[in-house]
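J.: Use the sequences and the hints to build the structure in full.
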Amino acid sequence: MRIKIGEYLAEIEEQERVLEQRAIKHSQARGFSTKMPKSFFEYPVYSELKEAILCRETGKLCPRRWEELEIDFNDKNVRYSSLCGEGVTKVSNIHNLNYAETTCIAVPIDSTLFCEIDSRYAEEIFLYIFVQLMRQKMQDVGYREEDDFSSCEMVSIAIKVTEFIELHEEKVNSWEREFTKYSIDFKRIYGTLKEMVSSAG
1 MRIKIGEYLA EIEEQERVLE QRAIKHSQAR GFSTKMPKSF FEYPVYSELK
51 EAILCRETGK LCPRRWEELE IDFNDKNVRY SSLCGEGVTK VSNIHNLNYA
101 ETTCIAVPID STLFCEIDSR YAEEIFLYIF VQLMRQKMQD VGYREEDDFS
151 SCEMVSIAIK VTEFIELHEE KVNSWEREFT KYSIDFKRIY GTLKEMVSSA
201 G
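Numbering (UniProt numbering), first residue to last: 1 to 201.
Hints in this document: simulated from the structure, not taken from any laboratory. Where hints are given, some of them may not hold.
Each computed DSS-like pair below joins lysine-lysine, with the alpha-carbon atoms no more than 30 Å apart [unchecked claim]:
| no. | residue 1 | residue 2 |
| --- | --- | --- |
| 1 | K194 | K60 |
| 2 | K171 | K50 |
| 3 | K60 | K171 |
| 4 | K194 | K181 |
| 5 | K187 | K137 |
| 6 | K137 | K171 |
| 7 | K181 | K137 |
| 8 | K194 | K171 |
| 9 | K194 | K50 |
| 10 | K60 | K187 |
| 11 | K181 | K50 |
| 12 | K76 | K90 |
| 13 | K60 | K76 |
| 14 | K137 | K90 |
| 15 | K181 | K171 |
| 16 | K187 | K50 |
| 17 | K50 | K76 |
| 18 | K181 | K90 |
| 19 | K60 | K90 |
| 20 | K137 | K50 |
| 21 | K50 | K90 |
| 22 | K187 | K171 |
| 23 | K60 | K50 |
| 24 | K181 | K60 |
| 25 | K60 | K137 |
| 26 | K194 | K137 |
T.: Here it is, written out as structure tokens:
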């Protein structure tokens, strides 16, 4: 039996429309924008935080998680942040850290290296974890992909975070308790971000 080309194409278009509608309903149920984004997060923002990404360059912070970065098929320990224009190397010991060729590094939170460099990169670690936890809070109150951080500049991120916190000040006390799980002093880091914003004028 012959299938007419026109009917076949119409059927394909209908299937695509149904899939798109399902995706939109799925995004609405999870609090995402009803606008179809170019791509959904493979790993949602609220998934467990496993690594801290540190940019060893003053004034920059990677606002994404390891799972969200672009895969380098030549090296499983390297991913790429198109947003920052930087490669990110996963390191788990001092040797890897010393020989990492990229500016940014991803350190597993459960590794011995994480404890070893805690004092050396303490502020960068706390800022990164703080920003990732705030992304969770953004999602909790109606996260949309287009509302996510779109810059690696620390001042730009600080402005967005402080504005969000000010809009949801009544939730701060409950957030403080949650952040202690990661040894985060919520008020101190929040104060640091406000100082950044103030200094930037």
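J.: Please go over all the hints and tell whether each is borne out by the structure.
T.: Tested hints:
no.: 1; hint: K194 <-> K60; in the structure: 16 Å, holds
no.: 2; hint: K171 <-> K50; in the structure: 25 Å, holds
no.: 3; hint: K60 <-> K171; in the structure: 28 Å, holds
no.: 4; hint: K194 <-> K181; in the structure: 23 Å, holds
no.: 5; hint: K187 <-> K137; in the structure: 16 Å, holds
no.: 6; hint: K137 <-> K171; in the structure: 10 Å, holds
no.: 7; hint: K181 <-> K137; in the structure: 15 Å, holds
no.: 8; hint: K194 <-> K171; in the structure: 18 Å, holds
no.: 9; hint: K194 <-> K50; in the structure: 27 Å, holds
no.: 10; hint: K60 <-> K187; in the structure: 21 Å, holds
no.: 11; hint: K181 <-> K50; in the structure: 13 Å, holds
no.: 12; hint: K76 <-> K90; in the structure: 9 Å, holds
no.: 13; hint: K60 <-> K76; in the structure: 24 Å, holds
no.: 14; hint: K137 <-> K90; in the structure: 26 Å, holds
no.: 15; hint: K181 <-> K171; in the structure: 17 Å, holds
no.: 16; hint: K187 <-> K50; in the structure: 23 Å, holds
no.: 17; hint: K50 <-> K76; in the structure: 16 Å, holds
no.: 18; hint: K181 <-> K90; in the structure: 23 Å, holds
no.: 19; hint: K60 <-> K90; in the structure: 18 Å, holds
no.: 20; hint: K137 <-> K50; in the structure: 17 Å, holds
no.: 21; hint: K50 <-> K90; in the structure: 11 Å, holds
no.: 22; hint: K187 <-> K171; in the structure: 13 Å, holds
no.: 23; hint: K60 <-> K50; in the structure: 20 Å, holds
no.: 24; hint: K181 <-> K60; in the structure: 25 Å, holds
no.: 25; hint: K60 <-> K137; in the structure: 22 Å, holds
no.: 26; hint: K194 <-> K137; in the structure: 18 Å, holds
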